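S.K.: Place chain B with the ligands on chain S using the hints.
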Amino acid sequence: MTTLAPILSDIWDAPRSWTLATYTEHQGYDAWRKAIHTEPAELVNAVKDSGLRGRGGAGFPTGLKWSFLPAPDGGPRYLVVNADESEPGTCKDIPLMLANPHSLIEGVAITSFAIGSNHAFIYLRGEVVHVYRRLLAAVREAREAGLLGQNILGTGYDLEVTVHAGAGAYICGEETALLDSLEGRRGQPRLKPPFPAVAGLYARPTVVNNVESIASVPTIIRNGVDWFTSMGTEKSKGHGLFSLSGHVAKPGQYEAPLGITFRELLDMAGGVRDGHSLKFWTPGGSSTPILTAEHLDVVLDYESVGAAGSMLATRALQVFDETTSVVRCVSRWTDFYQHESCGKCTPCREGTFWLKQILHRLEAGKGTESDVDLLLDVAGNIEGRSFCALGDAAATPIKSAIKYFREEFEQGVHTPAWELFPYEANAAFSGATA
Amino acid sequence: MTATTNSSSSAVAPVEEITLTIDGLDVSVPKGTLVIRAAETVGIQIPRFCDHPLLKPAGACRQCLVDIATPDREGNLRPMPKPQASCTIEATPGMVVNTQHTSAVAEKAQRGQIEFLLVNHPLDCPVCDKGGECPLQNQAMSNGSATSRFVDIKRTFPKPIKISTQILLDRDRCILCQRCTRFSAEIAGDPFIDLQGRGGGAPGGHGHGLPAQQIGRFDEAILEYTPSGDQGPVESERTGDVVGPYGQAGVLSSVAGSIGGALEDTSGRPFASYFSGNTIQICPVGALTSAAYRFRSRPFDLVSTASIAEHDACGSAIRIDHRRGVVLRRLAGDDPAVNEEWITDKDRFAFAWQTSSDVLTAPLVRDEETGELVPTSWSEAIGLAADGLRRAGDGAGAAALPGGRLTLEDAYAWSKFTRTVLGTNDIDFRARVHSAEEADFLANRVAGSGLDVTFGDLERAPRVLLVGLEPEEEAGTVFLRLRKGMLAGRVQVTTIAPLATRGSTKLRAELVRTAPGEEPSVLDALAGVTGTPEHLADLRAALAEPGTVVLAGERLAGVPGALSALDRLVSAAGARFAWVPRRAGDRGAVEVGLLPGLLPGGRPTAEAEARVDVASVWGVSELPAAPGRDLTGILDAATAGEIDALVVGGIDLEDLPSPAQAEVALAAAGFVVQLEVRRSAVTQHADIVLPIAPTTHKSGTFLNWEGRPRPFGQVFTTSALTDARVLGMLADAVGVDLGTRTLEDIHRELAEFDGWEGPRTAAPAVEATPVPALDAGQVRLATWRLMLDSGRGQDGEPHLAGTAYRPVALLSPATAATLGLAEGDRVRVTGPDGDIVLPVLPTPMGDDVVWLPQHSPGSSVHRTLGATAGAAVRLTAVDAEVAR
Ligand SMILES: Cc1cc2nc3c(=O)[nH]c(=O)nc-3n(C[C@H](O)[C@H](O)[C@H](O)COP(=O)(O)O)c2cc1C
Ligand code: SF4
Ligand code: SF4
Ligand code: FES
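Protein sequence lines, in the order shown, are assigned to chains S and B. Residue numbering for the first sequence follows this note's numbering, beginning at 1 and increasing consecutively. Residue numbering for the second sequence follows this note's numbering, beginning at 435 and increasing consecutively.
The shape of chain S in the complex, shown without the other chains (with noise of 0.2 Å):
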């Protein structure tokens, strides 16, 4: 029986949690304080033997990452955090850096200080305003205690911390069209190679990390790698946040070791919403394949959730019961992603305006008999032959929809999803509509 490790989540509940004071009296840059005085080099050793792996997604080793840098040349490097959170479903860093932004900061000056950055970014879906405001005070605060900023703790060591609000784009999370959007471009992905270590922000070596991720690194340091590495299954090490959300009875963020399981979190978050049963789910938003009531034991560790068919991810676990129309949750995700494809590659942009348009038909009941078959085909031909991630991800829900639920959207050729599964039923609280 697996239990919850609050670990970036710990003082979320702590009075003023988001202020310097509290994070202090919580050991807060204890870690900073450490690593300062450490060789860089030992510090990316550590992260890389914690066996941390990005949070942001594609659960890349961090460590790893950070050593691809090219050796110093005396140029500038950086280091970018993403906090571009925008995935349908996923909701782990905005309350993060709501609740506690220092952690964050900490683990920037720690990651900085051991990439060789003078100069780190903080990339911050431009939406959330209020969080906006919180990392630009926690900056404020870090900066006045010395902790950032020029000579920091008398080291000689600079360190600046810039917050940049986005303009609310969801390709601007993926690394390469943040980094362009950074630079004051056109947020399109970048042709790699060269890769960000290589030639990220204004063509020099950065690293790009999620604010999860880089957040994790404080408590590495401060309680080491054996602790760490307590935590999670082999290839799976550490904790993260579970952000459960949907047809739950206690919506939220579940901090847990990696390796729980999904019925685990369900039971702590009371199991499906009173009188109601598991539909499906999605292990990591919109952009994995959704997984249904079989996969309840499905271990969260990325290398299990593979094995099952989906991908890990983000730990954005959506619920859905049984008066949710997949069709129609199924057509929302393509709207978004149709929505937010930037329009550089001809399969997303043309595909997902496709897809959209047999969607919306087949939740009216007004699709054709071959249209099936043409979602599966027009998704096929977008998945693996787009530009970026993006456009897979558009792919994605449509697949294993219809792999699970195929009857459902054959039901679209003659019923309106609407009828199937009133609508009003679905909502996860009243009043809510459509």
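The set of hints was computed from the structure by calculation and includes no laboratory data. These figures come from a predicted structure and were not determined experimentally. Among the hints, a few may not be true.
In silico lysine-lysine, DSS-like type, Cα no more than 25 Å apart, as pairs [said to hold, decoys possible]:
# : chain 1 : residue 1 : chain 2 : residue 2
1 : S       : K366      : B       : K588
2 : S       : K403      : B       : K516
3 : B       : K516      : S       : K399
4 : B       : K918      : B       : K490
M.R.: Positioned in the frame of chain S, the structure of chain B with the ligands alone reads:
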């Protein structure tokens, strides 16, 4: 005269070859080759849209997907999990590529992309300019499905957007390959269009909640920045030049209506580019069209003839597309050594002059009674001309002003005709500001120098110094090559000029700010002839590094001492040198001796040995030995009655240092024979007018600035004659066989002038005249020609004219402030003969200089001011009342 290359810098380090397999064929290519290119080498064409060999890979259209496997460390083939864009992936050793021909996955992937591209593509093909030569159409046929599975609603846009007066965009046809925007940003450096909006937008034409990704100029209405963003069709522009069916003003061109007004950029030009036409050519669909050609023809009705552009000295390869004797459009030819695949908008769009209503079709003679020019037969015209010239020969003699637009062959005929028929060295091709110093410089440095500095060198030279030359305005292809080299991090451009132009800014050129007239002192300082001031010391050292190339333009001739100083600098720095003139025939004219002191092949007229040499090739006993006069000398002599007859070629009086002086001279000359394509200001003074074939109606060779022969063939069959033929007839009539009947005859003779070992004209050593002090209220005049201006070669092309710079006077902010002038206010520039009034654009430059476009609408500097560059002129603010 064959071109020889003494260029050594073209040696490129050998690139490692790698071998891979494509569709089962072994292919060896240089390391770094993209898979799509590697496939081309064995004749495998992978379909593509965004890929263009001269643009950086984008990987945007996803049409070129192929299956790829690469060997791992142990040599086991590892297939990549998904098909890869072959336009973005470099071939690696042992790679195994399977294209649509051998991989079902690749075939399906490609079919899928074509289907996607057609989802939102209109069925416009029957009325689209591109239909018949459209990569999308072709690939839809070869790699697409015959039927469509798309039954939903397409994205539509109002059509077209007028990006400039010349370029129109039908956004619904655009497949967003971004070739046009990449060209504009990467090659031309004019990001006058860019991507805007995001994603696929919404079905239908209205209520795009978020504007769909599209190409566009910055337009507030389209971007929905303004609430009045009404995208409905707008009334077509109307013009009184043509009359509509009910007598109302007709529609200007066939443009169906456009939206949004052209915004002008701060340099005073509409948001446009001198190279914008290239985007039309590389657009893989018919999204970009030109106002001039739109709806004019179907590609399959056109006949294409390769040719060479006549508008500058670059000798760019072009393709002339014509139908039933009418040129409908011109495209860039593909010549990697010269213009690669790009041409200027002038080379592309300015061809209407060849068919304008003032084109001469029959010889004209002046009626003795009425004084009017009347058409006559060739035999009568030639006979009368010969009589006149014979009379002049018996009197004070005749002189020749052939102009700078001749083919090498025609120029040669002029040279020979002048010496053997007119019996004089009074000949000068320069129909512009010129000097004896320049003639010596050209004779010494340029004539007979063969092919030295090439376009390729401009891409590789570590440093290029520009003196009196604005490549973007005067030689567009030179500009593009310099920019390419600069962007590749190889070339540093330095320019000696009064101000940093938009062109030099795009070259990221280092500016040595130099007021007109001060060039000699700067050049001497750089050569170390005089002391080198601190701020030029680094540059002096840099110029002395090996590989420096110095490019000089024709303007330097107007500054006494400048070319002498330049000669000293080139020698001192050990630099390579090229002269980049403005006209297609300028370099050829120097080679064949259309200068008073020069015979063909760099032979000085003054050298008896050279005269004997040339006389023997020409089969005459002797050549005139008396030194000849240059253009100004000839005009002065004609005015003074010291010359009786003038034989005038294609010259435009507006280009001359003093059009007024020229008119007086032409009026005074007893007998004027004009050889011209079109009626001109010279015609009214001519006694005999002999029509000459426009370039489409003849064949010949332009020698470009490099000295590279650029032969072109005839487009139309015609009875029109070349200069060489007409001069030959004239010679016959006075009993001389000019021997220039055919191009072969001419080339056979020209070849005999290769390799002159005898003495050459000495380099000029003219003292710079001290720059005269300015009186209070006076400034110095800087001026040069812009690419698009009032030049007659651009006549009849209003859409092109609309993309020219808005004529402005450039002043320093301080000078403007002193006069109380803000941007856009008008300034009066007063010269000896008159005033020019233009809006002011404050620009970083010297406080004692004003710049005017030399020959643009409202600013004909030589004629109106009676002054040339370097002159002192007076500035006054135009009274606000009058201005508004
Ligand atoms: C369309 C798209 C959106 C993305 N959005 C985010 C995001 O909002 N936050 C994030 O951390 N990573 C996002 N990613 C993943 C990033 O590209 C990148 O992998 C990640 O920031 C790396 O950080 P990590 O190694 O710490 O996970 C997105 C990727 C794609 C393709
Ligand atoms: S898949 Fe293509 S269109 Fe979609 S977001 Fe990525 S680059 Fe843009
Ligand atoms: S206008 Fe033409 S060249 Fe430009 S993006 Fe569209 S299809 Fe490509
Ligand atoms: S040609 Fe390769 S992606 Fe467009």
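S.K.: With reference to the structure, classify each hint as holding or not holding.
M.R.: Do the hints match the structure? See the list:
For the proposed pair S:K366 and B:K588, the alpha carbon gap of about 18 Å is at most 25 Å, so the pair holds. With a C-alpha separation of about 21 Å, the suggested pair S:K403 and B:K516 falls inside the 25 Å cut-off, and the hint holds. About 17 Å separates the Cα atoms of B:K516 and S:K399, which keeps this hinted pair within 25 Å; it holds. Distance check on the hinted pair: B:K918 and B:K490 sit about 12 Å apart at the alpha-carbon level, within 25 Å; holds.
Of the numbered hints stated above, none is contradicted by the structure.
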